[in-house]
Amino acid sequence: MATVQDIEIPDSAARAAAAVEEAQDIQGEKMVLNMGPSHPATHGVLRIVLELDGEVITKADPDVGYLHRGDEKIAENMTYTQFIPYTDRLDYLAPLANNVAYALAVEKLLGIHDKLPPRCQYIRVMVAELARISSHLLGLGAFAMDTGAVTVFLLTFTEREKIYNLAEAASGARLTTSYTRIGGLMRDVPPTWCDQVRQFLKEFAVALDEAHTLLTRNRIWVDRLRDLGVISKEMAIDYGLSGPNLRGSGVEWDLRKNQPYLCYKDLDFDIAVGSAGDCYDRYLVRMEEMKQSMRILEQCCNKIPGGAENKSHEPVNVADGKITLPTKEKVLTSMEELIHQFMLVTEGVNCPPGETYFGHENPKGELGFYINSKGGGTPYRLKIRAPSFINLSILGELMPGAMISDVPVILGSLDFVMGESDR
Amino acid sequence: MSALESANKIKAKFGALIAEPTEFRGEISLKISDAEQIFEVCNFAKRQLGFDYLVDISSVDNYGEDPRWTVVYHLRGIASGEELRLKTDVSEEKSELPSVLPVWRTANWHEREIYDMMGIRFSGHPDLRRILMWEGYPFHPLRKDFPLAGKPSDLPGVAFTQVTPMEGGPFVTLPTSSDSIAREPRVRVPEGAEPAISDKRLIGGKLI
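Protein chains in written order, with my numbering: chain A, 1 to 423; chain B, 424 to 631.
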């Protein structure tokens with residue numbers, strides 16, 4: 001038998017009024033949150049002072065400089081060749097690309113950057129593209145991990161290991177490669193290197209497909225990236241963004257195509273360009289760039305002058321005793337070469353007075369070197385245009401309006417490295 | 424239109440202010456004799472000649488010479504692909520020139536860096552703080568008279584020069600607005616409604 005009970009209904013209007021009163025105390029408060037300098041999502045030592053309204057960012061002030069080592073000052077106090085190891089430590093995720101960029105900048109000052117031996121050009125393109133894949137892989141792995149997808153990180157780091165092995169085979173070092181010299185390379189690649197690259201490409205194609213499967217159509221990934229951190233075309237140009245961040249906003253600008261250097265004009269590749277300029281577009285552009293780098297590497301393996309084993313003894317250094325070091329036998333048997341060796345090592349490559357700027361399409365963007373020379377073996381002033389530094393300057397405008405959980409996503413999509421930003 | 428033609432156009436517009444363009448390794452440089460005019464020249468180059476991309480701003484310390492500073496601007500037109508270098512000298516007594524921040528917003532951090540490293544000030548810059556060194560550091564390390572080994576300073580290398588935002592509790596709070604739903608950036612699109620941006624997009628000319 002059912003019983004009838006009285007149910008007490010509290011005064012809903014009074015409760016609502018109390019809630020409003022309560023809310024007034026918590027409303028109207030902004031919070032300043034200090035993110036970094038040591039935070040996993042900042043990929044280095046970047047500090048961002050965030051002003052929050054609830055979970056929404058109202059102001060962001062990035063603070064850089066924690067990794068400042070004074071590379072520009074150091075460069076003024078040593079010869080051009082001595083500075084090459086310092087370029088390894090700029091974008092330490094792609095040291096080979098930095099080596100190539102710096103060598104080309106000094107060679108432009110010498111007026112020989114378009115007269116390099118063809119084999120040297122091909123090897124430089126190959127190491128630069130390997131560096132691009134390696135850098136994008138780290139960027140992608142860390143980006144996905146910050147967003148919560150850890151599997152991709154394991155996948156990309158397995159592939160990066162293989163690129164490190166290739167760098168080691170070519171230069172003897174895995175990270176601090178210092179592979180280029182003014183006017184050429186430290187040494188030719190070993191005879192089996194091209195086959196190793198081919199083998200890597202075969203394995204990497206599978207891994208890249210797997211990464212695509214894991215992310216590109218992943219609902220969570222797409223939801224978190226889409227329409228977030230939108231950079232319009234005009235804004236990207238105005239802020240001087242470069243690399244995938246510029247192309248992700250739909251600007252078709254790639255120094256490899258627009259100002260072709262080395263042998264890029266003989267190679268067939270496309271530029272990946274985004275349309276919306278959000279984080280998802282920047283992700284897609286990087287994925288496509290890796291595919292294009294594979295195409296470039298494939299062509300280089302087939303077209304490299306002298307073939308993989310270099311049976312015809314194609315040179316990798318310019319034939320100018322005043323720029324590149326002579327062979328050891330020549331130093332020991334010939335007076336002229338001995339003098340050249342002595343002068344090159346003690347005084348450095350004698351550069352003409354003048355000023356040049358050379359921009360190289362690095363994985364992170366345009367790495368440029370402005371060299372002001374008064375003649376002699378040391379630069380009077382060497383300015384490094386660091387793409388990460390400039391890409392970060394947009395944060396103050398990009399962050400407001402996003403939520404705090406979006407911060408790692410935006411940072412990951414910009415893909416910067418502090419060693420380069422702070423110099 | 425080549426970079427040289429653009430350089431000549433700037434020269435035609437500003438006359439005696441601009442020296443004859445010089446070429447070295449295929450790069451065109453233009454020297455502007457009065458640093459006070461750099462804003463006008465840059466504004467003209469961007470609005471009239473299409474140099475919409477500021478690649479870089481560098482500074483050179485011509486120690487022992489007068490004027491001591493040279494500020495170097497690298498301009499680029501994304502559409503045309505041409506590049507131009509503008510240079511202007513600033514004397515040590517003045518150590519100041521107009522900011523080009525209203526022309527290109529990327530100039531913000533470049534100018535802060537030059538102020539930090541060389542000690543050249545930019546008038547009209549809204550936020551001219553140190554960027555690589557810490558606030559309160561007394562020297563400008565890229566000057567030629569600054570020793571490579573550095574100088575001791577009263578303020579050693581500190582991580583934070585301001586009161587940390589954490590002081591006085593887990594966080595500090597400031598007054599703000601009240602509408603928390605309107606400012607929510609990611610309100611879900613209801614079922615069946617059009618998404619804000621189409622699901623399909625172009626990458627490398629391919630629809631994916």
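A portion of the hints provided could be inaccurate.
What the hints assert, rightly or not - Straight-line distance between alpha carbons at most 30 Å, and here's what the computed DSS-like set of lysine-lysine pairs gives:
{"hint": "1", "chain 1": "A", "residue 1": "K257", "chain 2": "B", "residue 2": "K469"}
{"hint": "2", "chain 1": "A", "residue 1": "K73", "chain 2": "A", "residue 2": "K30"}
{"hint": "3", "chain 1": "B", "residue 1": "K574", "chain 2": "A", "residue 2": "K328"}
{"hint": "4", "chain 1": "B", "residue 1": "K567", "chain 2": "A", "residue 2": "K108"}
{"hint": "5", "chain 1": "B", "residue 1": "K432", "chain 2": "A", "residue 2": "K233"}
{"hint": "6", "chain 1": "B", "residue 1": "K510", "chain 2": "A", "residue 2": "K257"}
{"hint": "7", "chain 1": "A", "residue 1": "K257", "chain 2": "B", "residue 2": "K567"}
Unchecked claim - Ranges of calculated distance between the beta carbons of each label pair, as one might list FRET restraints:
{"hint": "8", "chain 1": "A", "residue 1": "L154", "chain 2": "B", "residue 2": "G559", "range": "43 to 51 Å"}
{"hint": "9", "chain 1": "B", "residue 1": "E443", "chain 2": "A", "residue 2": "S334", "range": "40 to 48 Å"}
{"hint": "10", "chain 1": "A", "residue 1": "I74", "chain 2": "B", "residue 2": "G559", "range": "20 to 28 Å"}
These are calculated hints, taken from the structure and not from any lab test. Since this is a predicted model, take the numbers as computed values, not measurements. Glycine is no exception: its CB is placed at the ideal position from the N, C-alpha and C atoms.
Consistency of the hints with the structure:
At roughly 23 Å between alpha-carbon atoms, A:K257 and B:K469 fall within 30 Å of each other, so this suggested pair holds. As the CA atoms of A:K73 and A:K30 are separated by approximately 41 Å, the hinted pair breaks the 30 Å bound. About 42 Å separates the Cα atoms of B:K574 and A:K328, which puts this hinted pair outside 30 Å; it is violated. Restraint check for B:K567 and A:K108: satisfied, since their Cα atoms lie roughly 25 Å apart, inside the 30 Å limit.
Taken as a hint, the B:K432 and A:K233 pair is honoured in the structure, with Cα atoms around 27 Å apart against an allowance of 30 Å. Distance hint between B:K510 and A:K257 is fulfilled; the C-alpha atoms sit about 28 Å from each other, no more than 30 Å. Proximity of A:K257 to B:K567 is assessed by CA-CA distance (about 38 Å); at most 30 Å being required, the pair is judged violated. Taking the beta carbon of each, A:L154 and B:G559 are about 44 Å apart, inside 43 to 51 Å as hinted.
Distance hint for B:E443 and A:S334: a CB-CB separation of about 46 Å, consistent with the stated range 40 to 48 Å. Distance hint check for A:I74 and B:G559: the Cβ-Cβ separation is about 24 Å, which falls inside the suggested range of 20 to 28 Å.
Checked against the numbered hints listed earlier, the structure breaks hints 2, 3 and 7; every other hint is satisfied.
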